[in-house]
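Read off the chains here:
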Amino acid sequence: MKEAERKTITSRPVLVGMFVLAAWIAQLTWLLATGKYSMYLHPRYAFLPALSVVVLAAMLVWLWSARKVSIPVDEDGTPSADYTGEHHRVLDPLQRYMLLLLPSMVLLLMGVQVLTGTTALNSASSFAVRKLASAGAVGPEEAPPPPPSGSYHEITALDIYFGKPELLVGRKVKLTGMMAVNPRFPKGMYALARMLITCCAADARPVPVFVKGSPPPTVRPGSWAWVSGVLRLKRVGSRRIYYIEPDSVTPAAPPESPYLY
Amino acid sequence: MESEPVLWFVSILMVLLTFLFVTWYSHEERVVNFSIYFLSIVFEALPFMLLGTLVSGLIEVFVSHERIARMMPSRAWAVPIAALLGIVFPVCECAIVPVVRRLVRKGVPLSCAVAYMLAAPTINPLVTLSTAVAFQWSPLYFVGRFAAGFAVAVAVAWLVGLVVPEGRGLKDSGPAGCSLHDHELGQCAIHAAPRGFVPRLSAVLGHSVADFFDVTRYLILGAFIAAFLRAFVDWNSLLSIHSNSFLSPLALMLFAFVMNLCSEADAFVAASFVDFSFHAKLAFLVLGPMLDIKLISLYSSVYKPRAIAALVVLVPVTVYVMSLAVDRLQALF
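Line order of the protein sequences matches chains A and B.
Whatever position you read off the first sequence (first residue = 1), add 38 for our numbering.
Whatever position you read off the second sequence (first residue = 1), add 17 for our numbering.
Please note: incorrect hints may appear among the correct ones.
[Stated by the list, open to error] Reference excerpt, derived from the structure (chain B facing chain A, CB under 10 Å, subset only):
{"hint": "1", "residue": "Val32"}
{"hint": "2", "residue": "Asn50"}
{"hint": "3", "residue": "Tyr54"}
{"hint": "4", "residue": "Leu56"}
{"hint": "5", "residue": "Ala243"}
{"hint": "6", "residue": "Arg247"}
{"hint": "7", "residue": "Leu264"}
[What the hints assert, rightly or not] Residues of chain A clear of chain B, computed beta-carbon distances all greater than 10 Å:
{"hint": "8", "residue": "Lys45"}
{"hint": "9", "residue": "Glu192"}
{"hint": "10", "residue": "Arg209"}
{"hint": "11", "residue": "Lys212"}
{"hint": "12", "residue": "Val257"}
{"hint": "13", "residue": "Arg270"}
{"hint": "14", "residue": "Pro284"}
{"hint": "15", "residue": "Pro292"}
Calculated from the structure, these hints are not laboratory results.
Where a beta carbon is used, it is the ideal one built from N, C-alpha and C, also for glycine.
Okay, chain B solo, but in the shape it has when bound (with noise of 0.2 Å):
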């Protein structure tokens, strides 16, 4: 892999920095903070990876190259479907990305893999559960939030297929799309063609341990950088924004960029921020899910650095420009 050799440096660098760190400030506040911010998202996050994990190896034994290929629509509607399945797989933005790392493997188109990674973890049943009860049933919320992750996720899926070239944006994987066969694990035996109930089985969880390992490592190193940030800066200050509606919305996506919530409990955070018109809070609930500190760290597992980079700009700039349309609807009626 070819970021290998950084990831490698990324990871002693952190590993003693943290060591010198926690052993000479570890009655520091800031530092205790950061611990605990540190092991939540890691905690909190773990079990949808390990699903998503378990997912990934499903679709690595039982779903074929061919049958992929068969299942995708029509080029005009394969981004618009791609979004909506979404609402079939209830899980957080964590466990969302070995799925997706998968299903790019097996020859998803791009633009296709970025619809669904995008919607998934804003429009799942579960999360808009979580936005109706958080905002006392306010169909603005729950409905405005699906509708508006469904566009933005569409939209920055379009952008990022125009942008990127078929091919060029995701992560070489080796011949046969399959992590056992890289490195460690070297031969991979789960890999061919297992028959019978128990070897497949044994196969999806073969596969699941490789994906385990290959993308944990981007969740932790996202993780701490995250607390890095919470625990250190003080980003509170971004909540007197509020009476600008031009301003409040980039603070709150800015402000949701840092916190690296789950999508599942982001509402109630939004549901505090009394201060903020819908608009600004719509921006926050729509970029949580689809772009923090965390996820550019997990995206980096699945995409090339210039895929990254057309995330990290159109993802924010389609919620900002989403949000403000909503503003002026909101105006006019």
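This is chain A alone, in the form it adopts within the complex (with noise of 0.2 Å):
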């Protein structure tokens, strides 16, 4: 039996598969480089995309010198009939990996953004709520040094959570977030609120820190607003409401690092 002829060709799927491979290394470099990762994931997290670039590099290399594949010919260098791979082929390769393109697609139309969602501020702060009221336990830190006369202590609402924030009552404060009207909130207060991520933006819920009055007309519900003024402090029952005593709340831009970590 005459033993069919062979050609080596370069593998038209491990060249769409490196293709694959290199966006997604593109992409997690951006990220990286421009420190944008931190808009998804955690800051803490930066060495698992830098580790997947390592590992994704590895890959591309191995399929590099994969890349050249014998396979059986005919007499005019078309492949032999009774030859089932996919070697020569390109569009069912590029179909089964189109799915992997994803990411790097929507990253690239949609361009990096940030979380915000009146839905989600108006709606899912209720349970934040509570666990506001009950936040702050009184210990015997000492209150971090008064700012300068007239001017205002900058805090976000992981001192009102996680912070001392009794220490802070009567001080000039100021702070920025996405403003958030939501039935639930204490009587008379609205809400500016920052997205709190523990891992990644996909577990991210708002924290709210509550404005006394009624938002202004200037700031939407979702855009974002500095206020300042004087922190409060409001004794429901047994719970604690600390929230702030506007002087001024200005519409504002999302600030570099929109999320709380």
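Hints given; two lone chains; assemble the complex.
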């Protein structure tokens, strides 16, 4: 029986695979180099995409080394009729790997954006409200040094949730966040909220800081604002509610790092 | 692979829809949130998926069928021991799927594979530690999660072993159990028992590459659906069902199913459910690492529809029964 002729070709599925891996490496490297990965992952997990790039690069090298394959061909150089492999095809592997290009495509078309969500802010904060109301155990720690006369001490919701907010009561404070209104909020108050990330943006949940009064018409729900005022404490039964009595509320652009970690 | 045409169709459809979707509505709030949820789930799971594929490659090259058969304990103890093996592989649920996929191809019985797959993300030391930190070292939570996770994994594995006959729950993976033999990469030079460190290392990498391309598609598919449901449906109303002891575990289980959180982070989210009782939070903590939207998609890279259907029914039912039993026990003591 005559042995079929063989021809060495560059496997097209391997080339498609290399293209997919290169796209992954490019997007992860770009996110790491620009620091924008923190829009998706907690900054302390920067090593995770970095490790991914290393492993993907090793895989890319392996594919490069495996790109040349030998296939049986007929006399005219076309793959022989009984050859069932796909090394000469490009459409089939492209279809199969298409889904792997979806993250790159979404990143390319949407860009890096900030998680918002009027609905999330307004409804999900209901469970945060209860936690907030019981936050802030009184401890012996000293209050932070007072800011220069007339200036405001910049705080975040973390100072209220996980700090010693009672030490800041009566101080001039300022904070930024997204405007949130919710009927579950204490009466006569709205809130400025930011998303708190534990691991990645998929676990983000809004944490509100209450502001006394009605939201100004210049700031729409879900948009960013700065509020400056005095931090006050209100006791409702056994619960303590910290809120800001505002001097001013002004619309603002999202901060460079919009999330809390 | 039997589901390939379906997956191709879904792939093309998803890519086209996404293109139209994000091009026309790129500034719509829910579309923005969808893109962030989708990329977050994928970027967070990717390194663990890669780790899983590397471990899978190591198993393929360094662990023979015969060794797996020798390592399997007697039938009665096989399932609980397989579940306890989850302690020694401290990663979340995404990494476990490629590993289990390889183990079942090496001859590990279905029930043992299910026990290991369900238990590992729930009882591994990192998850136990994160649960302890999230709940201020309250043993009720981290010991409770470990014990309940182990019990549910063993119970579900036994039940799956009963309802799905051995050999009919796993996807066909070709005669040699090596995905490099399939389709695109053609002849598999690395499968011919390579000798020496470098050729073996290369073989490990080769199998990892094949696994990466095979399994990551399912991750992306699952992440896409999960992100869509997260962004376009308001699930937060579920959190208002906290006072009914029968409904509250169901509410949090459904929440866990759609949130698709990593098992190393979900305890911090659970800790914020201050209105919910312990048994409801326990249901959330146990179900999340075992069953969510992206996991169902990932499981379909290993199991046939019959086994997946068994998991989709048995896991929530067992978790719910466990949760109600815990509630009754708490009432007694």
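Here is what the structure says about each hint:
no., hint, in the structure
1, Val32, "6 Å, holds"
2, Asn50, "5 Å, holds"
3, Tyr54, "5 Å, holds"
4, Leu56, "5 Å, holds"
5, Ala243, "8 Å, holds"
6, Arg247, "7 Å, holds"
7, Leu264, "16 Å, violated"
8, Lys45, "13 Å, holds"
9, Glu192, "24 Å, holds"
10, Arg209, "27 Å, holds"
11, Lys212, "26 Å, holds"
12, Val257, "16 Å, holds"
13, Arg270, "23 Å, holds"
14, Pro284, "26 Å, holds"
15, Pro292, "12 Å, holds"
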